[in-house]
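2 protein chains.
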Amino acid sequence: MYRSHTCGELRSSNIGEKVTLSGWIQTIRDKGNIAWIDLRDRYGITQLVAEQGTVDDSIFEQIKTFGREFVIQVEGEVIERYSKNPEMETGDIEVRMEKITLLNASKVPPFTIEDETDGGEELRMQYRYLDLRRNPVKDKLKLRHKVSLETRKYLDSVDFMEVETPYLIKSTPEGARDFVVPSRMNPGEFYALPQSPQTFKQLLMVSGYDKYYQIVKCFRDEDLRADRQPEFTQIDCEMAFVDQEDILNTFEGLVKHLFREVRGIEFEGNFPRMDYAEAMEKYGSDKPDLRFGMEFVNLNSGAQGKGFNVFDSAEIVLGINAKGCAEYTRKQLDKLTDWVKRPQIGAKGLVYVKCNEDGTFKSSVDKFYSQEDLKEWADLAGAEKGDLLLVLSGDLDATRKQMNELRLHMGDELGLRNPNEFKPVWIMDFPLLEWDEETERYHAMHHPFTSPKKEDLDLIATDPGKVRANAYDLAMNGVELGGGSIRIHDKDLQARMFELLGFSDEEAKAQFGFLMDAFQYGAPPHGGLAFGFDRLCATMSGTDSIRDFIAFPKNNSGRDVMIDAPAPLDGQQLEELSIASVVKES
Amino acid sequence: MYRSHTCGELRSSNIGEKVTLSGWIQTIRDKGNIAWIDLRDRYGITQLVAEQGTVDDSIFEQIKTFGREFVIQVEGEVIERYSKNPEMETGDIEVRMEKITLLNASKVPPFTIEDETDGGEELRMQYRYLDLRRNPVKDKLKLRHKVSLETRKYLDSVDFMEVETPYLIKSTPEGARDFVVPSRMNPGEFYALPQSPQTFKQLLMVSGYDKYYQIVKCFRDEDLRADRQPEFTQIDCEMAFVDQEDILNTFEGLVKHLFREVRGIEFEGNFPRMDYAEAMEKYGSDKPDLRFGMEFVNLNSGAQGKGFNVFDSAEIVLGINAKGCAEYTRKQLDKLTDWVKRPQIGAKGLVYVKCNEDGTFKSSVDKFYSQEDLKEWADLAGAEKGDLLLVLSGDLDATRKQMNELRLHMGDELGLRNPNEFKPVWIMDFPLLEWDEETERYHAMHHPFTSPKKEDLDLIATDPGKVRANAYDLAMNGVELGGGSIRIHDKDLQARMFELLGFSDEEAKAQFGFLMDAFQYGAPPHGGLAFGFDRLCATMSGTDSIRDFIAFPKNNSGRDVMIDAPAPLDGQQLEELSIASVVKES
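Residue numbers (the numbering used here), protein chains in the order written: chain A, 1 to 586; chain B, 1001 to 1586.
Source of the hints: derived by calculation from the structure; they are not laboratory data. Keep in mind the model is a prediction, meaning the values are calculated, not measured. It is possible that some hints are incorrect.
[Stated by the list, open to error] Under 8 Å between C-beta atoms, here's a sample of chain B residues computed to sit facing chain A: (1) Tyr1002; (2) Trp1024; (3) Ile1028; (4) Phe1066; (5) Asn1104; (6) Arg1133; (7) Lys1142; (8) Glu1150; (9) Arg1152; (10) Pro1166; (11) Ile1169; (12) Gly1175; (13) Arg1177; (14) Phe1190; (15) Thr1233; (16) Met1562.
[Claimed, not checked] Covered by chain A, per the in silico footprint, the following chain B stretches (three or more residues, Cβ under 8 Å): (17) 1048-1060; (18) 1180-1186; (19) 1193-1203; (20) 1215-1223; (21) 1521-1535; (22) 1548-1558; (23) 1567-1579.
[Unchecked claim] Derived DSBU-like pairs (lysine-lysine); straight-line CA-CA distance at most 35 Å: (24) B:Lys1142 <-> A:Lys217; (25) A:Lys153 <-> A:Lys107; (26) B:Lys1138 <-> B:Lys1423; (27) B:Lys1423 <-> A:Lys491; (28) A:Lys153 <-> B:Lys1142; (29) A:Lys142 <-> B:Lys1142; (30) B:Lys1584 <-> A:Lys211; (31) A:Lys323 <-> A:Lys211; (32) B:Lys1153 <-> A:Lys217.
The beta-carbon is built from N, C-alpha and C at its ideal position, and this holds for glycine as well.
The shape of chain A in the complex, shown without the other chains (with noise of 0.2 Å):
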């Protein structure tokens, strides 16, 4: 028996106790005559102490072998602690060592298994079984695991099934990119790893399992950004026999469920909706941040027609009110300006009015516009003295991507994303197509299955970009946490939109034949819903990177720098796998 207790179990009921501790070595502090050993396993931290005259002298020439993540046994007494330490679980008791066991040795980290820790990110990740150890990353596993398990628990509460889809599927060219695996005993021919079980959860439903869910590893290859991995996973959901409603309230049901367990936060009413248009004039983001208001507001009426170019010239032109930001220096708004320029923005520049406490304006147009002018523009906004206009202008699309970016940035700014607030907000009837400039054709905004609304159906013929989908998103906090559609379950209204998408009759066939012959035999009203568990886990914690609640992730080039992967084959196995490695010279 290598332990009769955890390093986070002892209190003050057990002194006097013979206990067996095993973890790992955080700190020695060895005063000569006295010698304290900070011992920490996955459950906490447990002081031990040896005090010279009441324990044999040997144990003290043992700790002095003894090192940072040394892994030791030690046999002892519960006994109070001299000065108690409230911060700490255990920190009314210490151990008194009768007995260590060096269970194994270790070298020097490279880097301090602290909470601050003074490696960095490559360091870390290369070390990741080193930063495993450490309390924020092993903090944020727990959390994931508690999500997992508490998802699952809701779901079965409410009848869902898990089923587990295939990872050896076959590639189709829509979307991002497969990643690919030959296969050995069909040469020449390749499985592509799922991307979302989108289709086998659409068949399960056509199969009558009604509910279904997994929690599940999904695949892009994808060039990689910050916050994307090329695998992640997706609490996968699929419905029958039920309406957008019925959706909507489930998985309201469930996220409420989570924070209510994980976090201890509970929700008051139904979460807001807010459809995709009202998401887009207002936030310009289908995912907006509802922490803060700042909301957008059109300046065209009062900005246009008066001679300024630049306005004039514009397809649009937006507003937000930086609440009392009106004493903001020239430096400060320079630097605004140079951000919203910035090539991730692209902004072309950034207009601003103050507000000023005397009831006058300053702006940088003020060549163009009169002080009436500005106070429209401020009374447009519900700016007050004190107040800071931020005005950008342009395409419509454009301008509301850089103003969205520049609200979140100015919130950030006026400390008004408090990472302990959540605000959830449903976003409805997003279009059902998007034209891609490019190919000069509509593509399915969310998937060619999801279903038009009944009240657009005929605009499919005369403005196909108009028409709305039963598509909805759960945002919060300006994160996506998930999404989903009713699907279409008439072959005949499918076979419309594969027109509609541009598919010929082969194409459709070749990529979603077995779909479409499954909705020959019977196919139920369906829909679902599909969470980033990933991000889930992040959003819930307050923070936004990701990779922390990966147990390993990749780097930004897909690599694993820890086992270091991928990496190249022997040609044996290129060889029986019948493929051969073609690298370009770059």
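Mind docking chain B on chain A? Use the hints.
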């Protein structure tokens, strides 16, 4: 709202209620003035009725247009059934149809959606989404869901943490073949899909996560046998600061919990344990079926030295006692002989000894053995009047394997393998190494991280083949449910192991460098176990075939015939991945 109740829910207490049901038409019986529909969903079947005079005539017209597997929605009143059906949970009631809405039509399915279907294996796999509607398949997936849920409940209750390990990892040349994934971002380099999360779970122990589990897909590119799948699911577990006894107790607890919660079966006392050596001696198998005896008997003493060259030149002469089979006819014995001579078994022949009711013996080797000799055999085997001794001989290993097959075959023949009886046994003390004739070196029987038994350490230098490992399997009814070992956590012992296995320092470093590095930073004593999840579910259901416990299985060529994967890729996709397809003419 598509339904107020499911098709498995209504009871006589609902009589008089107006309800809405949705589902698939299982059958229609139309007698002209009265018509019944059996409506099916995931939860059961409810009988619907329309009687002339009590409903609008148009309903009869509507029903005439319906066929099997049409999806309909029905509104009506729950009424008492005239002739109740006690076999059905909803058999006390029926629903008088008032309004029917056709939700979707169905083509005539290619096979009947019944418990006993007329569809062959291949057809059912091609239309797996229809096969999944059948109760026998649905019940298996329901059981799988429940086993998964109860596994998590149990492991969570004893503080295990689920940690997801990566799917895109590094290929290792040891063991079975890897499936590989070309990396587009790292041309010429490949990921591998994990055969198991073995190294990652050991790293998690180094990281201090002390109780890890995961229900996880694993991948092996093997030539498939009937009961193998290229992707399969494992319950993968690892613990630190434990010895073998802790691990066995923990997972014996899990198996007992699963049988209790899922099957309502209680095991009395501890699972029996048997040394590997004893299992091989008595049953010729490391996964003996203990539902019946028929243990092997060594007949060397009685069978050798009597001039029968076949036995004299054999390393071993083994017998089993087939109780009550003395009456086997010539034809039956010939059939048995043919059976053991099939290439899958590979025996050269079969010797029998009938223990006649009159106390005499009749054998196929009467020429060489006296009645006294044969009596000696019978006594050794505990055979009585009316029994039949079956005898095989040859090399030790081969003969044991053949006799194991024959024993199981006779168990089947004699009805001794009751699918509702479950006999677990821990097989202990596996050999650490096995000699590979082809490469003329030792291979790790389990894997290179399995620890040798302390008391056998000295044998490593003198007689490596004799070294026993701290390795254990849980067998049940002739099936290996799972297995594991206590790992090596000492880097010197690990280095000695690699040397013994013929790894050069470079090879060991290239393959397992990160794990060996990790072991230098305070690796705790640890060990673990993995269950084959698909097989566990099959065994718990009393069946052999794992295929129906997998929603979308692959066939013996590794193909998913429903989605037609694997498939060729287009040239552009290959080019982006820096690979070429090199298919040899066959």
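Cross-check of the supplied hints:
With 8 Å as the threshold, the beta carbon of Tyr1002 of chain B comes within range of chain A, its nearest partner Cβ sitting at about 4 Å, so the hint holds. Here the hint on Trp1024 of chain B is kept, as its CB sits about 6 Å from the closest CB of chain A, short of 8 Å. At a threshold of 8 Å, the smallest CB-CB gap from Ile1028 of chain B to chain A is about 14 Å, leaving the interface hint violated. Because the beta carbon of Phe1066 of chain B sits about 11 Å from the nearest beta carbon in chain A, more than 8 Å, this interface hint is broken.
Taking 8 Å as the C-beta contact cut-off toward chain A, the hint placing Asn1104 of chain B at the interface holds, the least distance being around 5 Å. Interface restraint check for Arg1133 of chain B: the shortest CB-CB distance to chain A comes to about 5 Å, inside 8 Å, so the restraint holds. At a threshold of 8 Å, the smallest CB-CB gap from Lys1142 of chain B to chain A is about 7 Å, leaving the interface hint in force. The closest approach between the C-beta of Glu1150 of chain B and any C-beta of chain A is roughly 10 Å, which is over the 8 Å cut-off, so the hint fails.
For Arg1152 of chain B, the interface hint holds, the least distance from its beta-carbon to any beta-carbon of chain A being 6 Å, beneath 8 Å. The criterion of a C-beta within 8 Å of any C-beta in chain A is met by Pro1166 of chain B, whose closest approach is roughly 5 Å, and the hint holds. Checking Ile1169 of chain B against chain A: minimum C-beta separation of about 6 Å stays under 8 Å; hint holds. Given the 8 Å rule on beta carbons, the hint for Gly1175 of chain B is violated: about 13 Å separates it from the nearest Cβ of chain A.
Proximity of Arg1177 of chain B to chain A holds as hinted, the smallest CB-CB distance being about 7 Å (cut-off 8 Å). Evaluation of the Phe1190 of chain B hint against chain A yields a held restraint, the C-beta minimum of about 5 Å falling below 8 Å. About 6 Å separates the beta-carbon of Thr1233 of chain B from the nearest beta-carbon of chain A, less than 8 Å, and the hint is met. A distance limit of 8 Å between C-beta atoms decides the matter here; for Met1562 of chain B the minimum to chain A is near 5 Å, and the interface restraint holds.
Counting residues of the segment 1048-1060 of chain B whose CB falls under 8 Å from any CB of chain A gives 0; the rule of at least 3 is not met. Note: the segment 1180-1186 of chain B has 7 residues with beta-carbon separation from chain A under 8 Å; the three-residue rule is met and the coverage holds. With 4 residues having a beta carbon nearer than 8 Å to a beta carbon of chain A, the segment 1193-1203 of chain B meets the requirement of three or more and the stated coverage holds. Counting residues of the segment 1215-1223 of chain B whose CB lies closer than 8 Å to any CB of chain A gives 4, which reaches the minimum of 3, so the coverage claim holds.
As drawn, the segment 1521-1535 of chain B meets chain A at 5 residues by the rule of a beta-carbon pair under 8 Å; at three or more, the given contact holds. Against chain A, the segment 1548-1558 of chain B contributes 6 residues with a C-beta closer than 8 Å to a partner C-beta. That satisfies the three-residue criterion, and the hint holds. Under the rule that three or more residues need a Cβ within less than 8 Å of chain A, the assignment of the segment 1567-1579 of chain B holds, with 10 such residues. Distance check on the hinted pair: Lys1142 of chain B and Lys217 of chain A sit about 22 Å apart at the alpha-carbon level, within 35 Å; holds.
Between Lys153 of chain A and Lys107 of chain A the alpha-carbon distance is near 42 Å, which puts this suggested pair outside the 35 Å criterion. Taking the CA atoms of Lys1138 of chain B and Lys1423 of chain B, the gap is about 26 Å. The hint holds against a cut of 35 Å. Our distance criterion of 35 Å between C-alpha atoms is broken by Lys1423 of chain B and Lys491 of chain A, whose separation comes to about 51 Å. As the CA atoms of Lys153 of chain A and Lys1142 of chain B are separated by approximately 16 Å, the hinted pair is consistent with the 35 Å bound.
Taking the CA atoms of Lys142 of chain A and Lys1142 of chain B, the gap is near 29 Å; set against the 35 Å cutoff, the hint holds. Taking the CA atoms of Lys1584 of chain B and Lys211 of chain A, the gap is near 46 Å; set against the 35 Å cutoff, the hint is violated. For the suggested pair Lys323 of chain A and Lys211 of chain A, the alpha carbons sit about 47 Å apart, so the restraint of at most 35 Å is broken. For the proposed pair Lys1153 of chain B and Lys217 of chain A, the alpha carbon gap of about 21 Å is at most 35 Å, so the pair holds.
Of the hints listed earlier, those the structure fails to meet are numbers 3, 4, 8, 12, 17, 25, 27, 30 and 31, in rising order.
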